[in-house]
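Following the hints, position chain B against chain A.
Line by line, the protein sequences give chains A and B. For the first sequence, my numbering assigns the number 1 to the initial residue and increments by one for each residue that follows. For the second sequence, my numbering assigns the number 1 to the initial residue and increments by one for each residue that follows.
Wrong hints could be hidden among the right ones.
[Stated by the list, open to error] Below are the DSS-like pairs computed for lysine-lysine, each with C-alpha atoms no more than 25 Å apart in a straight line:
1. B/K167 / A/K370
2. B/K200 / B/K101
3. A/K370 / B/K171
4. B/K101 / B/K126
5. A/K278 / B/K101
6. B/K126 / B/K167
7. A/K107 / A/K124
Simulated from the structure, these hints should not be mistaken for lab results. Model, not experiment: these values are computed from the prediction.
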Amino acid sequence: MRAATSVRYRLLGWLLIPLVALLLGGTLLDYRTALGPANAAYDQALTDAAMAIAGQIQARHGELTIDLPAAATQVLRTDQYDRIYFAVLGPYDNVIAGDKGLPLPPKSSPAREPTRFDGEYRGKPVRLVALPVSIEGTEATVLVGETTIKRKRLAQQILAGMLVPEVVFAATALALIWVGVSRGLAPLQRLRAEIAARSPVDLRPVPEEHVPTEVKPVVHAINDLLKKLEAVLSSQRQFLADAAHQLRTPLSGLQVRLEMGLSQSSPEEWQSTLASLKTTTERTARLANQLLTLARVEAGGQLMTTTAELNLRELAQEVGQDWLYRALGRQLDLGFELEDVRVSADPLLIRELLSNLIGNAVAYSSRRGKITVRCGTRGERAFLEVEDDGPGIPPSERDKVFNRFYRMEGAPGDGCGLGLAIVREIATAHNGSVEIATPAGGRGTLVRAWLPLERSNATASESSAQEIIA
Amino acid sequence: MRILIVEDDTLLVESLSAFLRQAGYEVDCESSGPGADAALSRTNYDLVLLDIGLPGMDGFGVLYRLRQREQQMPVLILTARDAVEDRVYGLNLGADDYVLKPFQLQELEARVRALLRRSLVSRERKLTVGALVLDLGAHCASCEGTALELTPSEWRILEVLVRRAGKVVTKEQLRGAFTSNEDLVSSNAVEVKISRLRTKLGAAGVSIRTVRGFGYLLDEAVESRN
Chain A
1 MRAATSVRYR LLGWLLIPLV ALLLGGTLLD YRTALGPANA AYDQALTDAA MAIAGQIQAR
61 HGELTIDLPA AATQVLRTDQ YDRIYFAVLG PYDNVIAGDK GLPLPPKSSP AREPTRFDGE
121 YRGKPVRLVA LPVSIEGTEA TVLVGETTIK RKRLAQQILA GMLVPEVVFA ATALALIWVG
181 VSRGLAPLQR LRAEIAARSP VDLRPVPEEH VPTEVKPVVH AINDLLKKLE AVLSSQRQFL
241 ADAAHQLRTP LSGLQVRLEM GLSQSSPEEW QSTLASLKTT TERTARLANQ LLTLARVEAG
301 GQLMTTTAEL NLRELAQEVG QDWLYRALGR QLDLGFELED VRVSADPLLI RELLSNLIGN
361 AVAYSSRRGK ITVRCGTRGE RAFLEVEDDG PGIPPSERDK VFNRFYRMEG APGDGCGLGL
421 AIVREIATAH NGSVEIATPA GGRGTLVRAW LPLERSNATA SESSAQEIIA
Chain B
1 MRILIVEDDT LLVESLSAFL RQAGYEVDCE SSGPGADAAL SRTNYDLVLL DIGLPGMDGF
61 GVLYRLRQRE QQMPVLILTA RDAVEDRVYG LNLGADDYVL KPFQLQELEA RVRALLRRSL
121 VSRERKLTVG ALVLDLGAHC ASCEGTALEL TPSEWRILEV LVRRAGKVVT KEQLRGAFTS
181 NEDLVSSNAV EVKISRLRTK LGAAGVSIRT VRGFGYLLDE AVESRN
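With the rest of the complex left out, here is chain A:
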C-alpha cells in the first residue's frame, strides 16, 4: 500500500529499475565485446599451429605422409593451462597422424578456409580449428583443438574486472537518487508538518509562496476548501446564536406565564393563561421543527446524499393532503393546478419546501381565501409555486423576507420568520432559486421555487427544441 502511494517510492522505483536494467544490459554488452577478440586471438593461435602442421605434410605416389619430429610435437602440445590435440586426416577423414577420434567440422564448412568450431573430446569441451589443405592434388584436413580452461579463466577475469566497478557505480547512483529524491520532496514534508501542526479551528489559508509549482494547485484547492469551511462554520455560529435567542424567548415567556397562572385563583384567569400557553407552546414547537429543518438543510445541502427522482405532481398532492384539514378548517379554498414534472431532488426537503409555502399561504390568508398550488415546467426549469389572495408582500420587503428570523412589520399570524429562509436554503441546495411575485389577479402573494429539471426531461425538451429549429 505504502509503496503504491508514496511519491518517494514511486520516484525511486521509476529511477532505479530502469537504471539497474541499463547497467545490467551495458555490462553484458561490454563483456561480450571484450570476450570476442580474446577468443579470436586464441583461435588464431590454433589456426597458426594447424598451418605449421600442414606445412609438414607431403605426398608420395598419392600417399600422404607427415614428418613431425618428437621435439616439434612436444612444442606443439605445450600449453600452461590446456591440453592440445591435433590430427591429420586423409581424403576420407582417415587419421594419418595425431590423436584419433577428434570431432569433425560441420559438413557445411567452406572448402578452403579454416573452420572454427566447438566440440567434445574425452568428455571435455574443446575448441577446434579444421584447416583443409590440398597436397599435390590430394585432399587433407588438419585438425587442431584445445580444452577451454584458459578461455574460461579469461572470461571470468573479464567479468570480475567489469562487475566490481559496475556495482560501485550502481550503489553510488542509488545513494545519489535517494538523496536527490529526499531533497526534492523536502518542501512536501514541510507542508505536511505545517498542516499537521494546525489546530482544528485554525482555518487560515496555507501560505503558497514557498510551495513547489507542482503542489501549488493542491494547496490552492486546500485553501479554497478552508475558505468554504470557514464560511460554513461562521454561518453555523451565527445560526446557533440566533437559534439560542429564538428558543429561549418563547420558553421564558412560557415560564413567566406559568408562574403567573400558579398565583392566579379564578377559573377565568386560568382559562386565559392556558390559552396563551397553548399558543406559545405550539409556536415553540413549530420553531424547533423549523430550526431543525434549517440545520438539516445546511448540513445536508452541500452533500445532497438522498437525491431521488420524483414527480412534483405526486409530491404536491401528498403535501396538499396534509394541509387540507387545516385549510378546510379555516374555510380556505385550497386548489391545485399540477402537471407531471420530474426532478431529481431530496424528497424530504422538497416536501418541506412546499409545506412551508402552503403553510405561509394558509397562515396569511384571510378567511374564505383562495390558495392555489401549481407545478410545471418553463424552458429548462421546473417550478413549484403557491399563490394566495392574502395581503401580499410589498416589493420593498421581498428580498428581506428570505432572511432568517425576519418578520414583516404588522404581519398577522405567529410565524417565527424561518419559513421562507428554509425555502430559499432548500432551493439553493438543489441549484434552484426562489422569487416572490404578485399574482395575475393583482392581489396576494405568489412564491415560486425554480428547480433544475431531471436530466431525461431536459434532453427531451432540448431535442424537441432542436426539431422546432430544424
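Below, chain B without anything else, positioned relative to chain A:
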C-alpha cells in the same frame, strides 16, 4: 374501543390518556418496551399508539414482536425522530401510520379515528363517518337508521369516498368505480353523481368537498369539528 398507549413521557401519557378517555375510548398505558410487549400478548387491542424511544426494548422491537405473533391490530407510531429511514423502517415493520412529535391533539384524533375505522371495517364489514353508516355486506348506506336510496354507481362512489374518508380521492380513481356497461364516463358524469350524492347525504353530518384540480374529499361536516 380499547387503545394501548406505549409512551415513557409521563406528561404526554397523562394528557393523551385523559383526552382519549374523554373521547369515549378505553385506554391502557405502558411505559416500557417489555411491559408493552407483555400487555399486547395478553390483550387484543383495537389500536396501539407506540413511541419509538422506550426503555428496555424500543418501539421497533415491540412492533416486530407484535407482527411476529401475527396480531393484526393497527399501530400508530409516535416519534420525535424524523429521519426518512426511520419512517420507512417502521412502516416496513408493519406500522400503519406515523405522527411526528410535537403533534396537535386534533390531528392525532383524526388519525386514530381513521385507523379505528379501518379495523372496524375488517371486523364488522361496516364503514362509519359521522352519522353515515355503510354496510359493505348488504351494500346499503344508512343515516341514523334511515336507509339512503342510492343507484349502484352512487353506492360505489360513496364507498370509495368513505373508505378514504378525510383523504382526497381523484376523479380518475372515482371513474374506476364505474363499470364498463354504464354510459361513457366523462369527467362531467362524476360531477353529476357527486352533486346528487351531496343532496342525498344532506342530513348525514358528512360533506363531500371539491378540492380544486385534485379531486373530492369526504369528511364529517366542518361545523362539527371546528
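Enumerate the violated hints, using their earlier numbering and listing them in ascending order.
-> Hints 2 and 4 contradicted; others consistent.
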